[in-house]
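Chains A and B supply the protein sequences, listed in that same order.
The first sequence begins at 0 in numbering that gives the first Met the number 0 and counts up by one.
The second sequence begins at 0 in numbering that gives the first Met the number 0 and counts up by one.
One or more of the hints may lead you astray.
One copy or two, it doesn't matter: identical chains are merged, so the pair holds either way.
To be verified - With a straight-line cut-off of 20 Å between C-alpha atoms, the simulated SDA-like cross-links for lysine to any residue are:
#1 LYS270 x ILE260
#2 LYS197 x ILE320
#3 LYS330 x ARG2
#4 LYS44 x MET67
#5 LYS270 x TYR251
#6 LYS254 x GLU194
#7 LYS150 x THR48
Hints were generated in silico from the structure; no laboratory data involved.
There are 2 protein chains.
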Amino acid sequence: MIRIGLDTMGADFSPLNEVSGALSALSESTHEIQIILFGKQDLLKEQLTNNPFPGRIEIVNADEVITMNDEPVAALRQKRNSSIVQGLIALKEGKIDAFVSAGNTGAVMGGATLELGRIPGVSRPMIGSQFPRSNGGFTLVFDVGATVDAKPHWLKEYGVMGTIYAREIFGITNPTVALLSVGEEKSKGNELVLESQKILSQTELNFIGNVEGRDILLGKADIVLCDGFTGNVVLKFAESVLITLKTRIRAYADKGIIQKIKAAITASVLKATLRDFDYQEHGGVPLLGVNGVVIIGHGSSSPKAIRTMIFRAEEMVRKDICGVVRTALAKENAPV
Amino acid sequence: MIRIGLDTMGADFSPLNEVSGALSALSESTHEIQIILFGKQDLLKEQLTNNPFPGRIEIVNADEVITMNDEPVAALRQKRNSSIVQGLIALKEGKIDAFVSAGNTGAVMGGATLELGRIPGVSRPMIGSQFPRSNGGFTLVFDVGATVDAKPHWLKEYGVMGTIYAREIFGITNPTVALLSVGEEKSKGNELVLESQKILSQTELNFIGNVEGRDILLGKADIVLCDGFTGNVVLKFAESVLITLKTRIRAYADKGIIQKIKAAITASVLKATLRDFDYQEHGGVPLLGVNGVVIIGHGSSSPKAIRTMIFRAEEMVRKDICGVVRTALAKENAPV
Numbered sequence: 000m001i002r003i004g005l006d007t008m009g010a011d012f013s014p015l016n017e018v019s020g021a022l023s024a025l026s027e028s029t030h031e032i033q034i035i036l037f038g039k040q041d042l043l044k045e046q047l048t049n050n051p052f053p054g055r056i057e058i059v060n061a062d063e064v065i066t067m068n069d070e071p072v073a074a075l076r077q078k079r080n081s082s083i084v085q086g087l088i089a090l091k092e093g094k095i096d097a098f099v100s101a102g103n104t105g106a107v108m109g110g111a112t113l114e115l116g117r118i119p120g121v122s123r124p125m126i127g128s129q130f131p132r133s134n135g136g137f138t139l140v141f142d143v144g145a146t147v148d149a150k151p152h153w154l155k156e157y158g159v160m161g162t163i164y165a166r167e168i169f170g171i172t173n174p175t176v177a178l179l180s181v182g183e184e185k186s187k188g189n190e191l192v193l194e195s196q197k198i199l200s201q202t203e204l205n206f207i208g209n210v211e212g213r214d215i216l217l218g219k220a221d222i223v224l225c226d227g228f229t230g231n232v233v234l235k236f237a238e239s240v241l242i243t244l245k246t247r248i249r250a251y252a253d254k255g256i257i258q259k260i261k262a263a264i265t266a267s268v269l270k271a272t273l274r275d276f277d278y279q280e281h282g283g284v285p286l287l288g289v290n291g292v293v294i295i296g297h298g299s300s301s302p303k304a305i306r307t308m309i310f311r312a313e314e315m316v317r318k319d320i321c322g323v324v325r326t327a328l329a330k331e332n333a334p335v
Numbered sequence: 000m001i002r003i004g005l006d007t008m009g010a011d012f013s014p015l016n017e018v019s020g021a022l023s024a025l026s027e028s029t030h031e032i033q034i035i036l037f038g039k040q041d042l043l044k045e046q047l048t049n050n051p052f053p054g055r056i057e058i059v060n061a062d063e064v065i066t067m068n069d070e071p072v073a074a075l076r077q078k079r080n081s082s083i084v085q086g087l088i089a090l091k092e093g094k095i096d097a098f099v100s101a102g103n104t105g106a107v108m109g110g111a112t113l114e115l116g117r118i119p120g121v122s123r124p125m126i127g128s129q130f131p132r133s134n135g136g137f138t139l140v141f142d143v144g145a146t147v148d149a150k151p152h153w154l155k156e157y158g159v160m161g162t163i164y165a166r167e168i169f170g171i172t173n174p175t176v177a178l179l180s181v182g183e184e185k186s187k188g189n190e191l192v193l194e195s196q197k198i199l200s201q202t203e204l205n206f207i208g209n210v211e212g213r214d215i216l217l218g219k220a221d222i223v224l225c226d227g228f229t230g231n232v233v234l235k236f237a238e239s240v241l242i243t244l245k246t247r248i249r250a251y252a253d254k255g256i257i258q259k260i261k262a263a264i265t266a267s268v269l270k271a272t273l274r275d276f277d278y279q280e281h282g283g284v285p286l287l288g289v290n291g292v293v294i295i296g297h298g299s300s301s302p303k304a305i306r307t308m309i310f311r312a313e314e315m316v317r318k319d320i321c322g323v324v325r326t327a328l329a330k331e332n333a334p335v
């Protein structure tokens, strides 16, 4: 029985979406899971009056709430009885096997690093994101914001962790790894890229050199590595594309009856063809490199996203991703 | 009479699109312009057998071609009789007032910096790009790839040049200037952003702090500043969005008759609503910071894009953008 801790406070629709997501995870999961809800007991009990899964869902009271506006470091120190801190402590103490949160991302990342510590050989934890590709499938980009700056050997570690994640979770046997840069030629890039090329080409990773910004969607590599600043800017830019499309189509619809009909058809086609562009529906992303399975989601995560995050957490525990990363990083030249 | 030099070699559809764009610029321009074509005389004469603008279009022979695959620095040294080098020398010598090229971007940037030199007070030339906004209008992003790295005082100079460009060319009286970062809070950013904040807030620029990747399309600032690495990655990512949309809609259309019809309607709506996302149609972007007006375009520039580039060059000469930048950067704290 894999025990998933779920933060139920501090996100945009807490605890409604979390509880609803937990219930659908329990009803749909093909694996044995138990869900432990961290949050205000009274609120959660209200939501669970008709609990269809007695024994498979539990509540651990946490009276404090780290909000989206809280400064992470201060909040982690001051709100020790928050769902985030209590959940991460439970994970450290082995009372749960994974922790899932749609709350304050900075607090979850900071708290996880503080409470769980880094896996030996990991300089910085990282978060990845799945970017959908024009031809289907997706590109994994690491890091998308766990750490703003990066050093060449961090990018190597990102490559190792990313390769394991792609292989174990998505079944990509020998994933290609590339550096995000301003041109494909070896000579193109900033200092970080040029230095990282040398280090990455000495590993046993399937390193294919540089790719450009366009190649994330066009799918030239399975894994694209960059510093968290660049990755975060691209991720947030990507998230604004759907919003922009919707805004433009709405404005078009306002022009008249015919336009309204054409806009409705367009919206339905885009909904069908760009489903994987809706970042909410992916569920969250793992924080890789800490001693424990931690999944971070959008503040606005839907019940479906929460459910997907729970499934992802269960899978990462079942496949012992942390253990595989630990073993790989202990070897010379990261032979994965 | 403003004399625009046009590189007619080395782009994807050279010299066809260049000549065709030049002719439509001459027929549509409301200002007095003369166009000087730099390239292989024989090829150009063939294209101009029925020149409807005798006296307003001239050919300067340049036998060598810098191709897209040429390494810029080597090409600039070895191909002195190329259209790019000859055009830039003509600009330096005052034989033309501006130079427009859809050729090898690196060679044009490098050649312009070498031949024309930087405006006093400019540490690095920059190129900007217009990103369309969800609600219409656009955001100007500087630098999108002239220099991969950046220092805080370069970003200040980018801010000054960008402000002048936005004001003089687009009539935005007091454009807002922001730093691209991973969060809006002052504490969010990499070293470059945190240092640049201090410098920018001491200028008389209309500096509003940080914006995130999503705010480029959502339009939180008129001008967004970043190092050329980040800017280039975002620009190329953005360029791949339309390609991805088209690919997805084509795949949808292949599913059946009804889908084909719905896809056609979708394509027409997107064409109408996302016209400004077609980066080709903007025409090119100016290389700001060198002693002379230089416009750089996509290798795949259409005749319409070439025409727009010629108009932009004419406007920049007429409004003496280089002179305004020179005056502004000579002042203390860049009061613009």
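So which of those numbered hints doesn't the model satisfy?
Hints 2, 3, 4, 6 and 7 are the ones this structure does not satisfy, whereas the remaining hints hold.
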